[in-house]
Amino acid sequence: MLRLRFHGRGGQGAKVASRVLGTAAFLDGYNAQDFPLYGAEKRGAPITAFTRISRENIMERGVISEPDIVIVMDETLLSDPQAMPLSGLKKGGIIFVNTPNSPLETKERYNIADHVITLDITKISLDMIGNPVLSGLAAAVASRIVGIGEDAFRGAVEKELSGIISDRELLVKNTEAALYCYNAIMPVQIKTAESIREGENVITIPFEIALVSSPAINATGNTPLRRTGNWRVFRPVWDYEVCTRCMTCVARCPDGCIHVNEDGYPYADYDNCKGCLICVEECPAKAINKVREMHSRSGEGDR
Amino acid sequence: MDTATIRSIRELPAEENMLPGTPACAGCGGLLTLRHCLKALGEKIVIVNAAGCFTLLSIYPFTPFKNSWLYTAMACAPAGAQGVRDALDILIKKGKIEPEEDLKVVVLTGDGSAYDMALSSTSGAIYRNLDFYYICYDNEAYGNTGFQHSGATPFASRTATTPPGRTRPVGSQLQKKNLFDIWNSHRPPYLATISPAYPVDLMNKFRKAEQFKGPKLFISHTPCPPGWGFDPSNSVRLAKLSVETGLWPLKESVHGKVEHTFVPKKFKPVEDYLKEQEKFAHLFKPVRQEDTLKSMQEMVNGYWRRYKLLP
Amino acid sequence: MGKEMLTGNGAAAWGVRLAEVDYIPAYPITPQTEIIETIAKWISEGSMDASFVTMDSEHSMVTAAGAASATGVRVFTTTSSQGLLYGFEMLYTVAGWRVPLVMVNVSRGLSSPITLGPDHNDILALRDTGFLQIHCETCQEVLDSILMAYKLAEDERVLLPVMVNMDGFYLSFTRENVEIPDVGTVRSFLSEYQPEHAFFKAGQPMAQGVAVLGGEFYSYFKYQMHLASQNALDVYKEVCGEFEKKFDRKYGTIEEYMLEDAEYVLVMTNSFSTLGKAAVKRAREKGIKAGLLRLRVLRPFPDPDIKNALKGKKAVAVIDQNISVGKGGIIYSEIGGCLFNEKNRPLLLSFIGGLGGKNISQEEFEFIFDKIVSAVDTEIVEPPYLLYTENEWKDMTKLKETAGKE
Numbered sequence: 544m545l546r547l548r549f550h551g552r553g554g555q556g557a558k559v560a561s562r563v564l565g566t567a568a569f570l571d572g573y574n575a576q577d578f579p580l581y582g583a584e585k586r587g588a589p590i591t592a593f594t595r596i597s598r599e600n601i602m603e604r605g606v607i608s609e610p611d612i613v614i615v616m617d618e619t620l621l622s623d624p625q626a627m628p629l630s631g632l633k634k635g636g637i638i639f640v641n642t643p644n645s646p647l648e649t650k651e652r653y654n655i656a657d658h659v660i661t662l663d664i665t666k667i668s669l670d671m672i673g674n675p676v677l678s679g680l681a682a683a684v685a686s687r688i689v690g691i692g693e694d695a696f697r698g699a700v701e702k703e704l705s706g707i708i709s710d711r712e713l714l715v716k717n718t719e720a721a722l723y724c725y726n727a728i729m730p731v732q733i734k735t736a737e738s739i740r741e742g743e744n745v746i747t748i749p750f751e752i753a754l755v756s757s758p759a760i761n762a763t764g765n766t767p768l769r770r771t772g773n774w775r776v777f778r779p780v781w782d783y784e785v786c787t788r789c790m791t792c793v794a795r796c797p798d799g800c801i802h803v804n805e806d807g808y809p810y811a812d813y814d815n816c817k818g819c820l821i822c823v824e825e826c827p828a829k830a831i832n833k834v835r836e837m838h839s840r841s842g843e844g845d846r
Numbered sequence: 012m013d014t015a016t017i018r019s020i021r022e023l024p025a026e027e028n029m030l031p032g033t034p035a036c037a038g039c040g041g042l043l044t045l046r047h048c049l050k051a052l053g054e055k056i057v058i059v060n061a062a063g064c065f066t067l068l069s070i071y072p073f074t075p076f077k078n079s080w081l082y083t084a085m086a087c088a089p090a091g092a093q094g095v096r097d098a099l100d101i102l103i104k105k106g107k108i109e110p111e112e113d114l115k116v117v118v119l120t121g122d123g124s125a126y127d128m129a130l131s132s133t134s135g136a137i138y139r140n141l142d143f144y145y146i147c148y149d150n151e152a153y154g155n156t157g158f159q160h161s162g163a164t165p166f167a168s169r170t171a172t173t174p175p176g177r178t179r180p181v182g183s184q185l186q187k188k189n190l191f192d193i194w195n196s197h198r199p200p201y202l203a204t205i206s207p208a209y210p211v212d213l214m215n216k217f218r219k220a221e222q223f224k225g226p227k228l229f230i231s232h233t234p235c236p237p238g239w240g241f242d243p244s245n246s247v248r249l250a251k252l253s254v255e256t257g258l259w260p261l262k263e264s265v266h267g268k269v270e271h272t273f274v275p276k277k278f279k280p281v282e283d284y285l286k287e288q289e290k291f292a293h294l295f296k297p298v299r300q301e302d303t304l305k306s307m308q309e310m311v312n313g314y315w316r317r318y319k320l321l322p
Numbered sequence: 017m018g019k020e021m022l023t024g025n026g027a028a029a030w031g032v033r034l035a036e037v038d039y040i041p042a043y044p045i046t047p048q049t050e051i052i053e054t055i056a057k058w059i060s061e062g063s064m065d066a067s068f069v070t071m072d073s074e075h076s077m078v079t080a081a082g083a084a085s086a087t088g089v090r091v092f093t094t095t096s097s098q099g100l101l102y103g104f105e106m107l108y109t110v111a112g113w114r115v116p117l118v119m120v121n122v123s124r125g126l127s128s129p130i131t132l133g134p135d136h137n138d139i140l141a142l143r144d145t146g147f148l149q150i151h152c153e154t155c156q157e158v159l160d161s162i163l164m165a166y167k168l169a170e171d172e173r174v175l176l177p178v179m180v181n182m183d184g185f186y187l188s189f190t191r192e193n194v195e196i197p198d199v200g201t202v203r204s205f206l207s208e209y210q211p212e213h214a215f216f217k218a219g220q221p222m223a224q225g226v227a228v229l230g231g232e233f234y235s236y237f238k239y240q241m242h243l244a245s246q247n248a249l250d251v252y253k254e255v256c257g258e259f260e261k262k263f264d265r266k267y268g269t270i271e272e273y274m275l276e277d278a279e280y281v282l283v284m285t286n287s288f289s290t291l292g293k294a295a296v297k298r299a300r301e302k303g304i305k306a307g308l309l310r311l312r313v314l315r316p317f318p319d320p321d322i323k324n325a326l327k328g329k330k331a332v333a334v335i336d337q338n339i340s341v342g343k344g345g346i347i348y349s350e351i352g353g354c355l356f357n358e359k360n361r362p363l364l365l366s367f368i369g370g371l372g373g374k375n376i377s378q379e380e381f382e383f384i385f386d387k388i389v390s391a392v393d394t395e396i397v398e399p400p401y402l403l404y405t406e407n408e409w410k411d412m413t414k415l416k417e418t419a420g421k422e
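Chains as they are written, first to last, in my numbering: chain G, 544 to 846; chain P, 12 to 322; chain A, 17 to 422.
Errors might be hidden in some of the hints.
[Unchecked claim] Not the full set, but computed from the structure, chain P residues with beta-carbon under 8 Å of chain A:
id, residue
1, S69
2, Y71
3, K77
4, C87
5, A98
6, L102
7, G106
8, D113
9, L114
[What the hints assert, rightly or not] In the DSSO-like style, the derived pairs of lysine-lysine whose C-alpha atoms are separated by at most 30 Å in a straight line are:
id, chain 1, residue 1, chain 2, residue 2
10, P, K286, G, K833
11, P, K104, A, K57
12, P, K277, G, K829
13, G, K666, P, K286
14, P, K251, G, K833
15, P, K262, P, K277
16, G, K829, P, K279
17, A, K57, P, K105
18, P, K107, A, K262
19, A, K323, A, K343
20, A, K359, A, K374
21, G, K702, P, K268
22, P, K224, P, K268
23, P, K224, A, K57
24, P, K268, G, K829
25, G, K716, P, K296
26, P, K296, P, K277
27, G, K829, P, K251
28, P, K286, P, K219
29, A, K266, A, K297
30, P, K296, G, K666
31, A, K305, A, K238
No lab work stands behind these hints: they were computed from the structure.
Computed from a predicted structure; not experimentally measured.
From the three backbone atoms N, C-alpha and C, an ideal C-beta is built for every residue, glycine too.
Hey, can you work out the whole structure from these sequences and the hints?
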């Protein structure tokens with residue numbers, strides 16, 4: 544059995560990618576299972592989706608904690624302490640990363656020892672489709688890696704995407720871009736070792752009084768511990784030469800992530816800023832720039 | 012609470028009573044509304060929440076609030092507010108807590124609760140003249156479950172349960188309920204519409220409401236990036252457009268007497284607002300639904316004509 | 017105070033008054049309404065210092081009650097049947113808040129068909145919510161159980177809400193002798209509620225009833241409720257001990273009637289237990305070694321006490337005044353689960369009767385004893401039996417004719 548885990552951001556298409564792969568495997572005669580993991584997080588937050596593919600009946604359910612293959616649809620997730628896309632990857636497993644960099648560069652940058660495959664599917668989608676919707680493209684890469692036939696894959700893309708894209712022309716573009724990605728990757732012989740389960744003890748939990756055990760929170764204002772800054776694809780960066788200190792950005796931030804320094808200039812709490820960029824859109828002086836997250840240095844734009 | 016009227020966003024209180032790190036979507040118009048409401052209300056409040064997107068603001072063990080919170084269920088946040096308010100009054104009267112431990116009770120619900128399931132409990136609380144605040148963040152559908160049709164969904168909107176199709180090219184065929192008038196028929200001491208794009212108007216309304224004992228009710232029109240289908244950076248722009256086109260009138264009612272607090276000097280065409288959103292894309296492509304667009308503009312014109320405010 | 021003639025509803029109101037409850041959100045429904053009317057009258061005339069508010073539904077009523085309890089006051093509310101089901105969502109919710117709300121349910125059969133007479137499908141629908149349940153046989157017990165319920169619910173080893181149950185009509189509207197304790201003695205038994213875990217005040221903000229995502233976290237909270245409920249068995253016994261000292265009336269999780277040397281046992285709950293006791297007496301006169309076990313506490317389920325009481329018995333007939341459609345009697349299943357691992361467990365027979373307030377006649381009790389005795393002789397246990405008499409069938413036939421049925 545092959546177990547794949549897709550990592551993306553809400554809205555990027557990880558769920559659909561897992562479905563396209565599932566359908567492709569199904570059309571190619573395999574048993575398959577696919578499902579997303581729903582949490583509280585909304586659009587922009589890191590999300591995961593899963594596909595299992597097997598010749599045998601699949602006797603597993605639920606989250607894949609030890610995948611054979613990881614599909615990383617957003618490179619920034621690799622350095623995210625919460626998303627941790629590589630966690631549990633089996634020895635001999637494969638990592639696909641959506642990046643313009645080579646596998647070697649990627650391995651060095653993120654200190655990865657396992658087999659890395661890369662392709663800039665964001666660029667391909669922007670060039671061929673016109674917007675960064677990565678579902679079909681990520682599924683293409685995954686399908687090719689696991690060795691699913693081209694006909695089955697094409698059938699799966701058309702079947703799954705036609706359900707969500709009503710525009711005929713856009714559907715064709717998506718299919719073409721997906722097939723382009725499919726053919727840009729080589730199939731891989733996957734030789735992962737079955738992992739050895741670490742044992743865990745079943746315990747008897749003790750009674751705790753309601754002061755401890757009721758579903759109430761006695762702490763206040765502790766959500767900043769969640770660090771939603773990892774949702775961001777672009778960060779707002781202020782140009783203090785242009786900024787008029789008008790406070791518009793401060794008033795417009797839904798999350799209250801923009802503060803004012805002692806000189807009256809605004810700055811962002813990048814630990815929590817989700818990167819909605821309302822501040823960029825609303826700044827009357829056009830003093831806030833949108834900077835792609837991976838290209839910015841941490842601390843840039845801070846006070 | 013400071014009750015002085017403010018004139019510009021520079022005068023908004025700097026204190027943040029809701030901290031970042033919530034699971035709300037990037038660019039959430041409801042969250043921006045709430046942030047300003049909490050600046051107005053201060054820390055000494057208890058939010059009584061109904062099922063909706065904002066249920067997820069407090070997920071064990073995290074809360075963004077400096078204030079207290081009680082999650083109830085979808086139909087009954089105003090009833091929860093009744094219990095909390097009455098209990099606080101009893102505790103103070105019987106000397107079991109000091110008067111300075113008192114809290115303002117604030118109901119927080121989405122439109123699914125406010126317009127549909129909680130109408131009975133809301134009507135009851137207003138009718139009983141419960142001393143509370145009510146904030147409805149209205150994103151015009153059941154947003155938390157993936158944007159299904161609600162009583163707040165406007166005519167011609169695509170939702171997950173009113174998908175435009177061959178037999179139903181318009182999408183939703185029903186008109187949005189008029190919750191303002193439903194509530195206003197109870198003659199509450201204070202009732203207002205607000206918008207996250209107009210925080211000064213919002214702040215001044217809360218400050219005005221402060222003087223009244225009894226229900227103080229607020230409905231905010233809150234753009235929803237994933238549900239409406241637009242880039243999160245446009246959230247405030249869309250909130251502004253809904254006001255500037257006349258679709259979302261900013262108004263207040265004191266004991267039933269309605270006044271508009273902002274009337275656009277020149278109304279923008281409704282189409283300017285509609286064409287920015289995926290949920291109305293079917294009105295423009297593949298064929299332009301001219302009659303539908305005209306009727307939507309006419310509905311807005313009709314509203315302002317009734318108040319003799321259409322230039 | 018001395019003795020008075022009180023209905024079950026009147027006794028409930030007295031319990032609430034003596035517990036010096038702070039807050040009563042209410043909503044009317046037959047046959048409960050007399051309770052809230054009595055309390056409203058006392059508050060109006062000034063003999064009871066509490067706040068009363070008529071809500072817009074039972075759903076709102078339970079919410080307001082739970083929310084007030086979560087704010088830190090002592091709260092009472094009451095309902096019945098359809099009302100209990102209308103508020104059902106909030107019963108689970110409020111139990112999960114771990115607040116010591118006390119409610120009375122006046123049992124009444126559930127629609128459809130809509131009816132007025134009692135059975136226990138309403139209260140038993142609640143058995144998995146986290147509410148503790150005390151079931152009453154007499155009007156005196158209703159009053160006493162409310163006082164005990166607050167002491168039990170507010171104990172920090174428990175902190176779960178309690179539902180006190182009485183049968184509609186047979187207790188709710190029936191007057192009998194009730195001893196009303198004096199308020200001073202009640203105060204010495206039940207001290208003021210001072211919450212440490214759930215309250216709202218400006219100085220100590222708290223987020224209550226928050227969402228929990230992830231099965232491992234959800235399980236923790238649910239298990240804790242279960243452990244607290246299990247604790248309640250011991251705490252309840254302490255409460256009973258103190259109650260007996262103060263008021264000289266003895267209660268247990270179960271009541272044993274002529275049980276010690278009995279071989280054939282009826283298991284019953286609530287007001288019809290009185291009829292069961294009479295039937296046991298008659299059976300004894302005929303030489304049948306009969307006895308009765310009445311379940312008073314149904315949640316937590318007093319497994320050890322039941323096992324102990326039924327040890328060595330030849331056969332047990334559970335009379336369920338409820339029907340789990342497609343399965344049978346609910347309490348039969350629970351007793352079965354309780355006894356299954358016992359060595360030399362008795363034969364267990366199931367009878368369903370008294371639905372919608374239908375009488376259980378002397379002949380039906382005799383029928384039950386015949387079945388028990390013959391089961392022991394033949395070692396054959398027949399399937400669950402739906403109690404119904406020939407006269408009742410004749411009456412029903414007439415009604416069907418009048419209704420135009422062929």
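Now for the hints, and whether the structure bears them out:
1. Checking S69 (chain P) against chain A by beta carbon gives a least distance of about 4 Å; that is within 8 Å, so the hint holds.
2. Hint status for Y71 (chain P): holds, given a least beta-carbon distance of 5 Å to chain A, under 8 Å.
3. This hint holds: K77 (chain P) has a C-beta 7 Å from the nearest C-beta of chain A, less than the 8 Å allowed.
4. Hint status for C87 (chain P): holds, given a least beta-carbon distance of 4 Å to chain A, under 8 Å.
5. Because the closest C-beta pair between A98 (chain P) and chain A is about 3 Å apart, less than 8 Å, the hint holds.
6. Annotation: interface hint on L102 (chain P) holds; nearest CB of chain A at approximately 6 Å, less than 8 Å.
7. Taking 8 Å as the C-beta contact cut-off toward chain A, the hint placing G106 (chain P) at the interface is violated, the least distance being around 12 Å.
8. Interface restraint check: D113 (chain P) against chain A, minimum CB-CB distance 7 Å, threshold 8 Å, status holds.
9. Annotation: interface hint on L114 (chain P) holds; nearest CB of chain A at approximately 6 Å, less than 8 Å.
10. For the proposed pair K286 (chain P) and K833 (chain G), the alpha carbon gap of about 25 Å is at most 30 Å, so the pair holds.
11. Our distance criterion of 30 Å between C-alpha atoms is met by K104 (chain P) and K57 (chain A), whose separation comes to about 21 Å.
12. For the suggested pair K277 (chain P) and K829 (chain G), the alpha carbons sit about 25 Å apart, so the restraint of at most 30 Å is met.
13. For the given pair, K666 (chain G) sits about 27 Å from K286 (chain P) by alpha-carbon distance, which is consistent with the 30 Å threshold.
14. For the given pair, K251 (chain P) sits about 22 Å from K833 (chain G) by alpha-carbon distance, which is consistent with the 30 Å threshold.
15. Annotation: proposed proximity of K262 (chain P) to K277 (chain P) holds, straight-line Cα distance about 17 Å (limit 30 Å).
16. Between K829 (chain G) and K279 (chain P) the alpha-carbon distance is near 24 Å, which keeps this suggested pair within the 30 Å criterion.
17. For the given pair, K57 (chain A) sits about 21 Å from K105 (chain P) by alpha-carbon distance, which is consistent with the 30 Å threshold.
18. At most 30 Å may separate the alpha-carbon atoms for a hinted pair to count; K107 (chain P) and K262 (chain A) meet this at roughly 27 Å.
19. With a C-alpha separation of about 23 Å, the suggested pairing of K323 (chain A) with K343 (chain A) holds against the 30 Å cut-off.
20. With a C-alpha separation of about 36 Å, the suggested pair K359 (chain A) and K374 (chain A) falls outside the 30 Å cut-off, and the hint is violated.
21. At most 30 Å may separate the alpha-carbon atoms for a hinted pair to count; K702 (chain G) and K268 (chain P) exceed this at roughly 56 Å.
22. Taken as a hint, the K224 (chain P) and K268 (chain P) pair is honoured in the structure, with Cα atoms around 17 Å apart against an allowance of 30 Å.
23. A C-alpha spacing of about 27 Å is found between K224 (chain P) and K57 (chain A), which places the hinted pair at or below 30 Å, so the restraint holds.
24. Taking the CA atoms of K268 (chain P) and K829 (chain G), the gap is near 41 Å; set against the 30 Å cutoff, the hint is violated.
25. With a CA separation close to 18 Å, the supplied pair K716 (chain G) and K296 (chain P) stays within the 30 Å bound.
26. Restraint check for K296 (chain P) and K277 (chain P): the C-alpha separation of about 28 Å stays at or below 30 Å, so the hint holds.
27. Distance restraint check for K829 (chain G) and K251 (chain P): the Cα-Cα separation of roughly 18 Å lies within the 30 Å cut-off, and the hinted pair is therefore satisfied.
28. For the suggested pair K286 (chain P) and K219 (chain P), the alpha carbons sit about 35 Å apart, so the restraint of at most 30 Å is broken.
29. Annotation: proposed proximity of K266 (chain A) to K297 (chain A) holds, straight-line Cα distance about 22 Å (limit 30 Å).
30. For the hint pairing K296 (chain P) with K666 (chain G), the CA-to-CA distance comes to about 27 Å; that is within 30 Å, so the pair holds.
31. The straight-line distance between the Cα atoms of K305 (chain A) and K238 (chain A) is roughly 43 Å, outside the 30 Å bound, and the hint therefore fails.
The earlier numbered hints that this structure contradicts are 7, 20, 21, 24, 28 and 31.
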